[in-house]
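So the chains spell out like this:
2 protein chains.
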Amino acid sequence: MIPPRSISIPLPISFRSFTLLEDPMTDMTMAPGCLTGIRVLDLTQFEAGTSCTQVLAWLGADVAKVENPTAGDPGRRLGPNNKKDDPYFLNYNSNKRSITVNLKNPRGLEIVKDMAKKADIFMENFAPGAIERLGLGYDVLSKINPGIIYGQVKGFGEGSPYEKNLAFDMIAQACGGTMSITGEADRRPAKPGPTIGDTGTGVLMLVSILSALYQRKETGKGVHLQVAMQDAMLHYIRNSFGVTAKTGKAAPRAGAQSISGGNPPCNIYPCAPGGPNDYVYVYTSRGNPEHWPRLLEALGRKDLIGDPRFDTQEARVKHEAEIDAVITEFTSKRDKYECMRIIGAAVPSGAVRDTHELMHDPNFEERGIIQAIQHPTNGTFRMATWPVRFNHKVVPLKPAPLLGQHSDEVLKDWLGMDAGQVAALHTDKII
Amino acid sequence: MIPPRSISIPLPISFRSFTLLEDPMTDMTMAPGCLTGIRVLDLTQFEAGTSCTQVLAWLGADVAKVENPTAGDPGRRLGPNNKKDDPYFLNYNSNKRSITVNLKNPRGLEIVKDMAKKADIFMENFAPGAIERLGLGYDVLSKINPGIIYGQVKGFGEGSPYEKNLAFDMIAQACGGTMSITGEADRRPAKPGPTIGDTGTGVLMLVSILSALYQRKETGKGVHLQVAMQDAMLHYIRNSFGVTAKTGKAAPRAGAQSISGGNPPCNIYPCAPGGPNDYVYVYTSRGNPEHWPRLLEALGRKDLIGDPRFDTQEARVKHEAEIDAVITEFTSKRDKYECMRIIGAAVPSGAVRDTHELMHDPNFEERGIIQAIQHPTNGTFRMATWPVRFNHKVVPLKPAPLLGQHSDEVLKDWLGMDAGQVAALHTDKII
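Heads up: the protein sequence lines correspond to chains A and B, in order. Everything in the first sequence is counted per the numbering used here, starting at 617 for the first residue and increasing by one. Everything in the second sequence is counted per the numbering used here, starting at 617 for the first residue and increasing by one.
Isolated chain A, as found in the complex (with noise of 0.2 Å):
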């Protein structure tokens, strides 16, 4: 296996200077439980599906993974000598069921259809072709099941010259323009570490799902849903696309400022003690001109409040280099929690914040945003639960299933199968 590049950071000496809540908020999660008792029939691997899936999971949803028996979900195994389930496979997968079915042999082909008969909602990102050439295209479907909510992730859009190429996260990015504007002005492009081109498609397409589902409460019928990763891209720059409205020209690279034109400050600032994510953001809005003079202050530096240098949105841009070093002198000599604390008790500011910093927050276990579950061959693991809170309450997570864990009972929940069928399709190795 390849090891991932990684660098080491200690940690800074105010890690653990958040506050902790007085009334430490015991129970923060409580399902919400929206899509309680709808069927998803889960063909996804890696992420533009799964992470798709996985959040109709955590909303309620029975989402039945179907595996093939002999290894699973590509993204359960990334490196050859991995033994256990990838943290990836563990991020994408929780709260769901694992069923493995093999859909080369008819049989197992056939079970699938029956889930279908059964299933709201049915998933894929295959290779473009491929779900087809399985037997389970919308055309096939559709006609065992016509209020299906069919949804399929592919690279490129029906019509594009590239429809039956490959992607993955990085080619989406590439191709989708989130490269083009991400980096520093004067290097090449360089790919946003956040998975746009996955987790970015498969949350549009669950938008999409749900829209349908709402619908088919009054219609009854089922719909068929595509979307392309590089098309999927476009939705998340679009104001980059307003820049390049106005100047006709490619949106830029701009480190770390914002491509639409922020005035100063509009950046990241060194902070001690010197680590490769210690900086602070500080901006002041152009819709907040009481921002400025309210920075000066936060910074110790009231004497320059209505120096001509500084005094209008103009005069900043053009002192942006004097700007930078007045609030570097400030934040170099302090950690970047406290200048955000200080600094952002003014104007917006944060401090660059890194994963392994963001996985150890206290706060963050308190509010339930990153939850410990216990997994039965990775043990302790922390995961990022969906954001958002319902009545104050976060979703509750559950461990991603193991290979084939849940093939008994969802054969029983869906089929209504005995012990007996069961056991015989294990017998003949079709699940």
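Hints are computed from structural coordinates only; laboratory data are not their basis. Treat the hints with care, since some could be wrong.
Since the list gives no way to pick one copy over another, a pair counts as held whenever it fits inside one copy or between any two copies.
Stated by the list, open to error - Computed cross-link-like contacts, DSSO-like style, restricted to lysine-lysine with a CA-CA straight-line distance of at most 27 Å:
id	residue 1	residue 2
1	K862	K934
2	K700	K934
3	K837	K1009
4	K1009	K862
5	K918	K700
6	K780	K833
7	K833	K862
8	K862	K699
9	K1028	K862
10	K833	K733
11	K699	K733
12	K780	K949
13	K1045	K949
14	K720	K1028
15	K699	K734
Given the coordinates of chain A, assemble chain B onto it according to the supplied hints.
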């Protein structure tokens, strides 16, 4: 107004080389109407809130955008010298109706409360505490209308030490971890260009609203939904949390590569004629060992098939620089579209495309993914639609409303006012 930073990029020769469809789809659009009859009382501004209600409008809801009569949504005018609605506003408010109401006037406030009685969904993203101070908090509106689905986007979550702080996209991206994993390994963090802090949060609220709407058909009950932009960022960086779970360290920045460590090649390669976005992504998946020989064949380097320097994934990790040289030898002599055409037919590959190329790509327009709309003051305006297809069709776009354009008709439709009542409100400067 601050001129946006920009880079001038000549169009590559092959810009129009996409195959035109022989049988062009003359009408790619059809309103799916999923949310027909749903009323949205929209008090959003800028992007995190407007991006959410934008999609509700696209999916068929009647979105009444309530704006102050003086200047409306500050997103309309991003610079002091802006006379027309900014493209920023146009991109997040199409298909909505605008009604102006003075919320500081008791009669104005009463009108909004009357509208809340008729609304299915209420949405706002003012500064923390502002909506409650206006007297339109959840406690008030849920008494008037117990079925209301009430959504709020803030910068930081309830119970966070920063819950009273302001946030904008860049602050969320600093505090939410997306910046720490974006940029080059040996340099400071970069902000992902896509506005994940704003639109990425809005779309998670949207999912929650739609789920609650579905549930309400059974229960009749409303719900209070809250999401923090910082918390929302965690949803998009779960792969990097997976890296941290495995290494115990902060996930790194990886330039154009994958943070979770794809084996080489997994990078962008320079293409002719050498402009800032003349690169092509080339990737061979760990799950598909046949990708490597296929790539060599596409590059005309069958001579290297079986070469022990490259024959296993482990070997390719060791010889990454040589692999990069082999690929660059090919790509640097061709433009990025030719590279994508040849390499993408064999393995996952994609040209890095900029916003100007995407906005003017005839294939996007043919497929309805980008639509040219006519705006009364801005003229022809190209914008991206909802990228998910419903039964092969995309959502048609209507231009964003002028300030107060629909005040009269919304008051008639929602509250049954007659012409005289509406005229009196105009006279009293309440609307």
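Tested hints:
1. For the homomeric pair K862 and K934, the shortest alpha-carbon distance inside one copy (22 Å) is at most 27 Å, but the shortest distance between copies (46 Å) is not.
2. Taking the shortest alpha-carbon separations for K700 and K934, only the inter-copy value of 25 Å comes in at or below 27 Å, while the best intra-copy value is 56 Å.
3. Proximity of K837 to K1009 under the C-alpha cut-off of 27 Å is restricted to the inter-copy arrangement: shortest distance 16 Å between copies versus 33 Å within a copy.
4. In the homo-oligomer, the alpha carbons of K1009 and K862 never lie at most 27 Å apart, since the shortest distance is 43 Å inside one protomer and 29 Å across protomers.
5. For the homomeric pair K918 and K700, neither the shortest alpha-carbon distance inside one copy (58 Å) nor that between copies (36 Å) is at most 27 Å.
6. In this assembly of identical chains, the alpha carbons of K780 and K833 never lie at most 27 Å apart, being 34 Å within a copy and 40 Å across copies at closest.
7. In this assembly of identical chains, the alpha carbons of K833 and K862 never lie at most 27 Å apart, being 43 Å within a copy and 44 Å across copies at closest.
8. Taking CA atoms no more than 27 Å apart as the test, K862 paired with K699 passes between copies only; the shortest distance there is 13 Å, against 53 Å inside one copy.
9. With identical chains, the CA atoms of K1028 and K862 are never at most 27 Å apart, being 59 Å at best within one copy and 36 Å at best between copies.
10. In the homo-oligomer, the alpha carbons of K833 and K733 lie at most 27 Å apart both inside one protomer (17 Å) and across protomers (23 Å), since each shortest distance falls under that limit.
11. Neither within a single protomer nor between protomers do K699 and K733 lie at most 27 Å apart by alpha-carbon distance, with minima of 36 Å and 57 Å respectively.
12. In the homo-oligomer, the alpha carbons of K780 and K949 lie at most 27 Å apart only across protomers (25 Å), although the nearest pairing inside one protomer, at 55 Å, exceeds that limit.
13. In this homomeric assembly, K1045 and K949 never come within 27 Å of each other (Cα to Cα): the closest approach is 65 Å inside a single copy and 52 Å across copies.
14. In this homomeric assembly, K720 and K1028 come within 27 Å of each other (Cα to Cα) only inside a single copy, at 22 Å, whereas the closest approach across copies is 60 Å.
15. When the C-alpha separation of K699 and K734 is checked against a cutoff of 27 Å, the pair qualifies neither within a copy, at 34 Å, nor between copies, at 56 Å.
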